[in-house]
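Chemist: Each chain is listed here by its residues.
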Amino acid sequence: MTEPVFCVKDLSISFKLNGKWCQATQNVNFDLMENETLCIVGESGCGKSITAMSCLGLLPKKKNIHIEGQVLYKGVNLLDLTEKELNDYRGDDLSMIFQEPMTSLNPVLTVGEQITESLLVHKSMTKAQARETGIELLNKVKIPEAEKRFSQYPHQFSGGMRQRVMIAIALACKPTVLFADEPTTALDVTIQAQVLHLLKELRRETKMSMVMITHDMGVVASVADKVLVMYGGQVIENSSCKDLFEAPNHPYTKALLNAIPRPDRHIDHLTSIPGQVPTLAGMPSGCRFSTRCELVSDQCAMTPDVNTVAGQQSHHYRCWNV
Amino acid sequence: MLVFTLKRLLASIPTLFAVLTVIFVLVRIVPGDPALAVLGDSASEEVIQEFRKSIGIDKPLWEQYLVFMGDVLQGNLGLSMATGKTVVEEVSNVLPYTLELTVASIIIGVVFGIPLGIFSAIYRNHFFDYLARMVSLLGLSFPAFYISILFMIYLSVEWDWFPVFSEYIPWSDPLTRLYHLALPALSLGVIMIGYVARTSRSSMLEVLGEDYIRTAKSKGLPRNMVVFKHGFRNALIPILTLTGLYLGLLMGNSVLTEIVFNRPGLGGLIVGSLESRDYTMLQGLIVTYAFFIVLANLITDISYGLVDPRVKNND
Numbered sequence: 000m001t002e003p004v005f006c007v008k009d010l011s012i013s014f015k016l017n018g019k020w021c022q023a024t025q026n027v028n029f030d031l032m033e034n035e036t037l038c039i040v041g042e043s044g045c046g047k048s049i050t051a052m053s054c055l056g057l058l059p060k061k062k063n064i065h066i067e068g069q070v071l072y073k074g075v076n077l078l079d080l081t082e083k084e085l086n087d088y089r090g091d092d093l094s095m096i097f098q099e100p101m102t103s104l105n106p107v108l109t110v111g112e113q114i115t116e117s118l119l120v121h122k123s124m125t126k127a128q129a130r131e132t133g134i135e136l137l138n139k140v141k142i143p144e145a146e147k148r149f150s151q152y153p154h155q156f157s158g159g160m161r162q163r164v165m166i167a168i169a170l171a172c173k174p175t176v177l178f179a180d181e182p183t184t185a186l187d188v189t190i191q192a193q194v195l196h197l198l199k200e201l202r203r204e205t206k207m208s209m210v211m212i213t214h215d216m217g218v219v220a221s222v223a224d225k226v227l228v229m230y231g232g233q234v235i236e237n238s239s240c241k242d243l244f245e246a247p248n249h250p251y252t253k254a255l256l257n258a259i260p261r262p263d264r265h266i267d268h269l270t271s272i273p274g275q276v277p278t279l280a281g282m283p284s285g286c287r288f289s290t291r292c293e294l295v296s297d298q299c300a301m302t303p304d305v306n307t308v309a310g311q312q313s314h315h316y317r318c319w320n321v
Numbered sequence: 000m001l002v003f004t005l006k007r008l009l010a011s012i013p014t015l016f017a018v019l020t021v022i023f024v025l026v027r028i029v030p031g032d033p034a035l036a037v038l039g040d041s042a043s044e045e046v047i048q049e050f051r052k053s054i055g056i057d058k059p060l061w062e063q064y065l066v067f068m069g070d071v072l073q074g075n076l077g078l079s080m081a082t083g084k085t086v087v088e089e090v091s092n093v094l095p096y097t098l099e100l101t102v103a104s105i106i107i108g109v110v111f112g113i114p115l116g117i118f119s120a121i122y123r124n125h126f127f128d129y130l131a132r133m134v135s136l137l138g139l140s141f142p143a144f145y146i147s148i149l150f151m152i153y154l155s156v157e158w159d160w161f162p163v164f165s166e167y168i169p170w171s172d173p174l175t176r177l178y179h180l181a182l183p184a185l186s187l188g189v190i191m192i193g194y195v196a197r198t199s200r201s202s203m204l205e206v207l208g209e210d211y212i213r214t215a216k217s218k219g220l221p222r223n224m225v226v227f228k229h230g231f232r233n234a235l236i237p238i239l240t241l242t243g244l245y246l247g248l249l250m251g252n253s254v255l256t257e258i259v260f261n262r263p264g265l266g267g268l269i270v271g272s273l274e275s276r277d278y279t280m281l282q283g284l285i286v287t288y289a290f291f292i293v294l295a296n297l298i299t300d301i302s303y304g305l306v307d308p309r310v311k312n313n314d
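Quick note, the sequences are listed as chains A and B, same order.
So for the first sequence, numbering that gives the first Met the number 0 puts the first residue at 0; every next one is plus one.
So for the second sequence, numbering that gives the first Met the number 0 puts the first residue at 0; every next one is plus one.
Among these hints, one or two may not hold up.
[Stated by the list, open to error] Capping the alpha-carbon separation at 20 Å, the derived lysine to any residue pairs in SDA-like fashion look like this:
hint, chain 1, residue 1, chain 2, residue 2
1, A, 61, B, 125
2, A, 61, B, 212
3, B, 228, A, 154
4, A, 60, B, 125
5, B, 228, A, 11
6, A, 61, A, 11
7, B, 228, A, 120
8, A, 83, B, 121
9, B, 228, A, 150
10, A, 241, A, 258
11, A, 60, B, 122
12, A, 8, A, 77
13, A, 83, B, 236
14, A, 60, B, 210
15, B, 228, A, 121
[Unchecked claim] Derived CB-CB ranges, DEER-like:
hint, chain 1, residue 1, chain 2, residue 2, range
16, A, 123, B, 305, 24 to 32 Å
17, A, 184, B, 227, 29 to 37 Å
18, A, 67, B, 221, 23 to 31 Å
19, B, 227, A, 274, 43 to 51 Å
Quick caveat, the hints were computed from the structure, so don't treat them as lab data.
Note that CB positions come from ideal geometry on N, CA and C, so glycine has one too.
Take the sequences, apply the hints, and build the full model.
Modeler: Structure, rendered in structure tokens:
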């Protein structure tokens with residue numbers, strides 16, 4: 000079997016809130032093979048974005064943030080590197096697309112400047128070469144009149160176009176791993192489909208691996224090879240995309256899938272999961288989903304083990320009652 | 000850019016008209032008869048009527064307004080009641096002194112205040128930040144005249160580095176003129192440093208928390224590039240606005256500074272005309288101040304266009 004390109008081992012991130020340490024993620028593990036897409040799903044506040052941010056070393060190195068575990072890229076633990084050393088990887092081998100296209104671009108610099116920046120820094124291109132590559136990238140993300148658009152400012156672009164620009168920026172140096180943090184959440188549905196399609200196409204072309212964070216099961220179904228379902232900072236189920244949709248194990252995954260409105264089911268109201276994600280400070284001991292679970296029993300006061308589904312090597316879940 | 004500048008220029012004309020109207024009304028609603036103020040209680044009715052006619056306040060209000068506006072537009076602010084010279088002549092004699100003082104202290108404030116604020120934002124909660132915040136707090140909390148007096152006592156009287164009093168010095172001797180300008184400009188500049196540094200710090204802190212800074216970091220750009228290329232230009236926008244606004248504050252403080260240093264300037268003129276109840280002079284001075292404040296706003300507006308592409312293109 001080939002080595003994974005990117006690998007997260009026992010990643011735990013804690014924040015100090017009001018003098019108390021709270022765990023935002025606990026022992027997150029995943030492997031990413033070449034040209035593979037991993038989706039991380041879960042409700043807001045379950046630790047998805049934090050995980051991605053720490054993969055690029057974007058969490059500030061402060062006394063009130065504590066990170067444990069390993070983030071391995073080609074065998075190098077990124078968590079051990081200084082900011083300066085990290086900059087050799089960020090934007091070059093590893094890059095990221097963010098959720099908010101409206102605010103993620105710098106308003107006072109032209110789109111061209113923002114795309115070519117990483118080319119100038121990482122690939123030591125000349126300005127002319129970078130410009131050529133930049134226009135090529137704009138064409139690739141299907142921005143019409145790329146030449147003209149290259150020297151325009153972000154406010155002259157619509158939301159969907161800005162997200163395309165963000166994608167162009169992220170792809171500029173041909174990254175090996177692309178992190179996409181809810182890249183379609185802020186866009187309207189038709190644009191969402193276009194952006195997803197674009198990402199899939201680009202992935203096929205460049206052979207890159209992708210970690211996509213989303214809470215949209217529809218997105219998962221259309222792009223993912225592997226899925227990581229997170230709840231309250233823990234991975235509660237991980238499996239291949241196919242297995243997850245065909246035979247979900249964890250009650251939370253089932254509830255999430257159930258919450259998707261489907262045209263073939265005639266119902267009066269949308270299904271939802273009662274209650275809210277517990278806050279970092281108010282995490283229940285034992286199974287973290289126990290406060291909202293239908294199958295809750297006495298056992299759930301203890302932390303459930305990670306179980307492997309019989310016959311499916313890479314399908315794991317954390318639950319007592321399956 | 001040219002079109003943008005012209006548009007801004009045109010837009011400031013109505014502002015100027017409104018300001019002039021307000022000044023006209025203000026001067027008219029001040030209680031007391033200027034004729035009585037000038038001629039005294041014992042003046043006969045005839046003399047009073049004669050005087051009113053001579054300065055044009057016997058006419059109906061709308062006519063006075065038209066005459067006033069017409070005069071101002073032609074650059075005629077009337078005759079000083081105290082000296083008999085034209086107000087324009089009196090003002091333009093001392094105006095360069097006030098302008099050079101104001102401009103010099105803005106330059107001092109910007110040159111020292113912006114770096115101070117920016118670095119204290121970058122090194123937030125480190126030693127340098129505390130030091131810089133203390134310096135700017137000092138600038139903010141000392142009244143202008145107090146700083147002026149302190150500077151004068153130590154730098155001029157004790158150590159004899161600077162002249163104690165300023166005087167009229169012709170432009171033909173620029174070095175001496177600059178030498179006399181130094182201390183007053185410094186004492187006003189210290190206040191500006193305080194304001195500008197505080198604004199720069201908070202503006203930079205806000206910008207450093209923006210999403211596009213995270214994007215810049217995720218591109219693996221060196222720290223200096225993230226802070227200066229991506230951060231600083233964005234932080235500059237609010238800094239410009241507030242520096243423009245502080246100009247009004249500076250003009251007020253310059254009056255006190257000029258008096259403490261006995262510098263020629265609008266300050267001395269204001270105090271003089273208040274003492275002698277020289278209404279036309281006062282009115283002319285307010286018009287002058289208003290004109291420069293509108294001008295400062297215009298310059299601020301135009302400089303936005305240079306820094307922020309959104310302003311230029313939306314127009």
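Chemist: Confirm or reject each hint.
Modeler: Here is what the structure says about each hint:
This hinted pair checks out: residue 61(A) and residue 125(B) have alpha carbons roughly 13 Å apart, not beyond 20 Å. Taking the CA atoms of residue 61(A) and residue 212(B), the gap is near 18 Å; set against the 20 Å cutoff, the hint holds. The hinted pair formed by residue 228(B) and residue 154(A) meets the criterion: a straight-line CA distance of about 18 Å does not exceed 20 Å. Simply put, residue 60(A) and residue 125(B) have alpha-carbon atoms about 15 Å apart, close enough for the 20 Å limit, and the pair holds.
Pair hint residue 228(B) plus residue 11(A) does not hold up; C-alpha atoms about 34 Å apart against a cutoff of 20 Å. For the hint pairing residue 61(A) with residue 11(A), the CA-to-CA distance comes to about 15 Å; that is within 20 Å, so the pair holds. Taking the CA atoms of residue 228(B) and residue 120(A), the gap is near 13 Å; set against the 20 Å cutoff, the hint holds. Distance check on the hinted pair: residue 83(A) and residue 121(B) sit about 17 Å apart at the alpha-carbon level, within 20 Å; holds.
Simply put, residue 228(B) and residue 150(A) have alpha-carbon atoms about 17 Å apart, close enough for the 20 Å limit, and the pair holds. Annotation: proposed proximity of residue 241(A) to residue 258(A) holds, straight-line Cα distance about 18 Å (limit 20 Å). Simply put, residue 60(A) and residue 122(B) have alpha-carbon atoms about 14 Å apart, close enough for the 20 Å limit, and the pair holds. A distance of roughly 12 Å separates the Cα atoms of residue 8(A) and residue 77(A); the hinted pair therefore holds under the 20 Å criterion.
Taken as a hint, the residue 83(A) and residue 236(B) pair is broken in the structure, with Cα atoms around 29 Å apart against an allowance of 20 Å. Proposed proximity of residue 60(A) and residue 210(B) is supported: the alpha carbons are some 18 Å apart, at most 20 Å. For the suggested pair residue 228(B) and residue 121(A), the alpha carbons sit about 17 Å apart, so the restraint of at most 20 Å is met. Checked against the hint of 24 to 32 Å, the C-beta distance between residue 123(A) and residue 305(B) comes to roughly 31 Å, which is consistent with it.
With their beta carbons about 31 Å apart, residue 184(A) and residue 227(B) fall inside the hinted range of 29 to 37 Å. Here the CB-CB span from residue 67(A) to residue 221(B) is close to 28 Å, well matched to the stated 23 to 31 Å. The hint said 43 to 51 Å for the Cβ distance between residue 227(B) and residue 274(A), and at roughly 47 Å that hint holds.
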